[in-house]
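**Q** In case you want the letters, here they are:
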Amino acid sequence: MAEGPYDAVVVGAGAGGAATAWRMTERGWKVLLLDAGPAFDPERDYGLDRNDWEKQRFRHKPGSEGEVTFAPMQALDPQLADLRSWSLAQGRTNRGDRRVATGAGYHHVRGIGGSTLHFVGEAHRMNPAAMKMKSRFGVAADWPVSYTELEPLYLEIERLLGVAGPAEAGDRWRSAPYPFAAHPLSRASRRLARGAAALKIGWQPNPRAALPVAFDGRPPCNYCGGCTHGCPRRDKGSADVTFIAKARASGRCEIRAEHTLLRILGGAGGRIEAIEVADAAKRVQRIATPRLVLACGAVETPRALLLQRGLGGPQVGRNFLESVAWTSIADAGEPLLSFGGLPADAISWDRNRPDAIPGVIGGFRLSAAIHEADMTGAIAHAQRAVPGWGRAHKEKMRRAVGSLIAVGAVGESLPHEGSMIDLDPKETDEFGRPLARIHSVVDAMNVKRLRAMAAAARGLLRASGAVTLVEEYGTYDSFSSAHVFGSCRMGVDPRSSVVDASLRMHGVPNLWICDASVFPSSGGGEAPSLTIQALSLRAVDRMT
Amino acid sequence: MKFPPPAPTDDDAPQSAERRRAARRIALGVALACTDLQALAAGGPADGERIARTFTAFCDTLVPADALTPSASALGVPKAILGDVQGNPLAERLLVAGCDWLDGECGGDFAAAPESVRHSALERMQAMPWESPPGRFFLVMRNTVMADYYVQPLSWRGLALDRPPQPLGFFDAVR
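Just so you know, the sequences run in chain order A and B.
Under numbering that gives the first Met the number 0, the residues of the first sequence are numbered 0 to 543, in order.
Under numbering that gives the first Met the number 0, the residues of the second sequence are numbered 0 to 174, in order.
Only chain A is shown next, with the shape it has when bound in the complex (with noise of 0.2 Å):
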């Protein structure tokens, strides 16, 4: 293990921090890689293989949920109905009239592999298309970083994870193909597949993060569905058991858990020169470091350049994009296995583009979403999709486990205004700083964007057969997002920006921020963590 004095400290160890330090290793460069939250087992702590797997969806320990706040939402208009969320069991899952955070609202984890540890591990690119949202639409801002750049590192890190896709690339070119063929389809999604084809719409495997065969030291995946509760068997290529395993084996990489950053520290000529932290036990060490990389999401990261009081200027925690999203739950008539396979093993990039809806900017992409729904055990059947009581429930349970199926759709977020990142001005965290507080408004396009997705749904489960829905929920009523960005934006002007296209921050020379809050945009419903690891990597690469 390595010990100070470090060549760069690394501030948060998921998706992106995982890869920065990774690839500082292999640089030769001595990395201290802390995060807040635990470390997780995965053999021990996730407990699919218990009888009472389906009571948390992801076992979170002790410190692995940051907390934050909400700013009131929205009023929600009464002629937008059908963008409610309802199920058949419950009736309207938000009773109010106002838009709420619903359970824990931002969904993330954090500890070593960050919220990796519960991603379905869909391996997106970036579509080129959504990469030009100012220049083409006059809305968001304009990556200062082409496809054609992270091309390469897409490919390489689709080498190291093991990722397994289509031969078809559609429009993101490819130099090589996908690591390993795709993954067999599951039987729901097979079903799926013949209403995309009724409606001439492309279905496809998705590019997974999940081993077909064994690879690296890791066992092929047994088509369990569980990888939103942590994967027990190191399959699914989330961060610890990729990024992090080759970090350690290095010998260049020390890794330190429940370490949380608490100041900044700034030297001569504008750079940073050390941090605080403070351990499990509140004990404060101060950490020399001549590269600080942040790397906690698009809420943590500008609360802690907020807390810094004007460090990254005047755009630090404007332009939040969140999750823009929609399922719809239908009962397919049939026994399907359908909590079986892996996760979004489908879908269709038909609409992703940013002009692919009429009348509406940006793109949606839709995939098999039974096991994201968490719609796979009794207890989900029983509370969410079977109504009533008594004998009969019973048996109506018999024949809906397994034969349900859905259909997701996650759609681009474009910036408003009113959409931010700031500090709460009463609430505190265990060490007496504000905590973060999230602003989300749904606006009009927003709302048009949401409609076209929620039709697309409910279309391809009609077209497929399923008539009768069991459940759909959105981002209209209720502000749930897994997937966060912008909050620092990557851009070449200082003025409209936070950090450069090489992730360093205008005006300090060596503080980058290597994370989803740098995106310019979102993508039109892309998974983020491989363009966060592809900028990751060559952030790095520039580093001097």
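None of these hints come from the bench; they were simulated from the model.
This structure is a prediction, so every number in the text was calculated from the model and none was measured.
Wrong hints could be hidden among the right ones.
Said to hold, decoys possible - Partial pick of chain B residues on the chain A-facing surface, computed with a CB cut under 10 Å:
{"hint": "1", "residue": "ASP65"}
{"hint": "2", "residue": "TRP129"}
{"hint": "3", "residue": "ASN142"}
{"hint": "4", "residue": "MET145"}
{"hint": "5", "residue": "PRO164"}
{"hint": "6", "residue": "LEU167"}
{"hint": "7", "residue": "GLY168"}
{"hint": "8", "residue": "VAL173"}
Unchecked claim - DSSO-like, lysine-lysine: derived pairs with alpha carbons at most 30 Å apart:
{"hint": "9", "chain 1": "A", "residue 1": "LYS395", "chain 2": "B", "residue 2": "LYS78"}
{"hint": "10", "chain 1": "A", "residue 1": "LYS133", "chain 2": "A", "residue 2": "LYS447"}
{"hint": "11", "chain 1": "A", "residue 1": "LYS245", "chain 2": "A", "residue 2": "LYS29"}
{"hint": "12", "chain 1": "A", "residue 1": "LYS281", "chain 2": "A", "residue 2": "LYS60"}
{"hint": "13", "chain 1": "A", "residue 1": "LYS395", "chain 2": "A", "residue 2": "LYS54"}
{"hint": "14", "chain 1": "A", "residue 1": "LYS60", "chain 2": "B", "residue 2": "LYS78"}
{"hint": "15", "chain 1": "A", "residue 1": "LYS29", "chain 2": "A", "residue 2": "LYS60"}
{"hint": "16", "chain 1": "A", "residue 1": "LYS425", "chain 2": "A", "residue 2": "LYS60"}
{"hint": "17", "chain 1": "A", "residue 1": "LYS54", "chain 2": "B", "residue 2": "LYS78"}
Where a beta carbon is used, it is the ideal one built from N, C-alpha and C, also for glycine.
Once you have looked at the hints, place chain B on chain A.
**A** Quick look at chain B alone, frame taken from chain A:
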């Protein structure tokens, strides 16, 4: 990634960190954090035996035994929930309010009522507004009973999913 909604909530759902922390501590979830329940009169001491009997009958009406699987009470569901509720004043008040309502609908003794009468009472309870204590009791307790029942392997007989996902996985799902 698309996350499913949790149990129903309303715009009084806790948005502040402290209230969210408190809600997580409450075993029955965010759904209890509603002002009208907090305003429910605590009332005099509840008749614990009657409440337990009514609640057990409520659980077994929701989940009775059939040819393949046991009832909720045979798997210890009402007993566990009654234990969880103890010491949680809000949940205790909801429990008493719900059981009082059920007994009132069934001539003072829900547990002794014929099955058809109990089913009719549940129909009426389910139709009560979410804001009302009986309506809230029905939804919150139904969710809790279903979770505590279907977490137990003895309830899985006859379902296509009759074991945890690991260690075997589900290769059949992709064949």
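**Q** Can you name, in rising order, the numbers of the hints this structure does not satisfy?
**A** No numbers; nothing is violated.
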